[in-house]
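Asks: Starting from the given sequences, assemble the full structure and let the hints guide the process.
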Amino acid sequence: SQQGEEDPQALSIQEGENATMNCSYKTSINNLQWYRQNSGRGLVHLILIRSNEREKHSGRLRVTLDTSKKSSSLLITASRAADTASYFCATDGDSNSGYALNFGKGTSLLVTP
Amino acid sequence: GAGVSQTPSNKVTEKGKYVELRCDPISGHTALYWYRQSLGQGPEFLIYFQGTGAADDSGLPNDRFFAVRPEGSVSTLKIQRTERGDSAVYLCASSLRGLADDNEQFFGPGTRLTVL
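Each protein sequence line maps, in turn, to chains D and P.
Last residue of the first sequence? That's 113 in my numbering, and every number before it is there in order.
Last residue of the second sequence? That's 116 in my numbering, and every number before it is there in order.
By construction, these hints were calculated from the structure, which means they are not laboratory data.
Treat the hints with care, since some could be wrong.
Unchecked claim - Not the full set, but computed from the structure, chain P residues with beta-carbon under 7 angstroms of chain D:
1) Gln41
2) Pro43
3) Phe45
4) Tyr48
5) Glu104
6) Phe107
Remember, it's a predicted structure, so these values are computed and weren't measured experimentally.
Yeah, the Cβ is synthetic: ideal placement off N, Cα and C, and Gly gets one too.
Replies: Now the structure itself:
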């Protein structure tokens, strides 16, 4: 079963605009990660935020985590056409070992020039 | 190596056949994971190795699926009596230690399995 649920399912914006994607999950976690997937480069890790962190930045990415609401958001600022991809949140803690990742269905982002 | 590699990149087989999918993790990574991704879905966990042993195989859908990692490096996912529903992209990932608070996983490009 897939624990994470991304919202929206699809997002279309123009270059230079910001893109915000949300993720909700169901059980307690150790950390939450965001991944990007496109046909050219496969699944690429973007950022990891630990359960005791509330916000994290990496370049044009900003991730927030609200464990009380079991939700996270990914903000991509000043988007570029190259940001076009599917974005997945992934959580752990819901498997026997606690290390396997549970992915959502993803948000498909289209950035047009 | 520079990253996780998987072979073959594509595999087409007939229903009922046996297939093996190979994963070469990043050198030195003790944790290795297999996931399966169907069209329009996120990856779904299959099995996790810590070293040579399967620490968590709760994601394997049934006993037709089996995976090994005999020397703690390369892993092989084996599927017996393949069914059309097994068609998907099979992803392998590795991480340095598999620790709960440092679980960044590096994914390979995947093997696209098509069962006719």
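Asks: May I ask you to test the interface hint for P/Tyr48 with respect to chain D, counting a Cβ-Cβ separation under 7 angstroms as satisfied?
Replies: 5 angstroms, holds
Asks: Under the criterion of a CB-CB separation shorter than 7 angstroms, is P/Glu104 in contact with chain D as hinted?
Replies: 5 angstroms, holds
Asks: Checking hints one by one. Is P/Phe107 an interface residue toward chain D, by the C-beta closer than 7 angstroms rule?
Replies: 4 angstroms, holds
Asks: Given a cut of 7 angstroms on the nearest C-beta pair, is the interface hint for P/Pro43 held or broken against chain D?
Replies: 5 angstroms, holds
Asks: Quick one, is the P/Phe45 hint okay against chain D at 7 angstroms, beta carbons?
Replies: OK, holds: P/Phe45 within 7 angstroms of chain D, min 4 angstroms.
Asks: Given a cut of 7 angstroms on the nearest C-beta pair, is the interface hint for P/Gln41 held or broken against chain D?
Replies: Cβ of P/Gln41 sits 6 angstroms from chain D, so the hint holds.
Every hint from the earlier list agrees with this structure, and none is contradicted.
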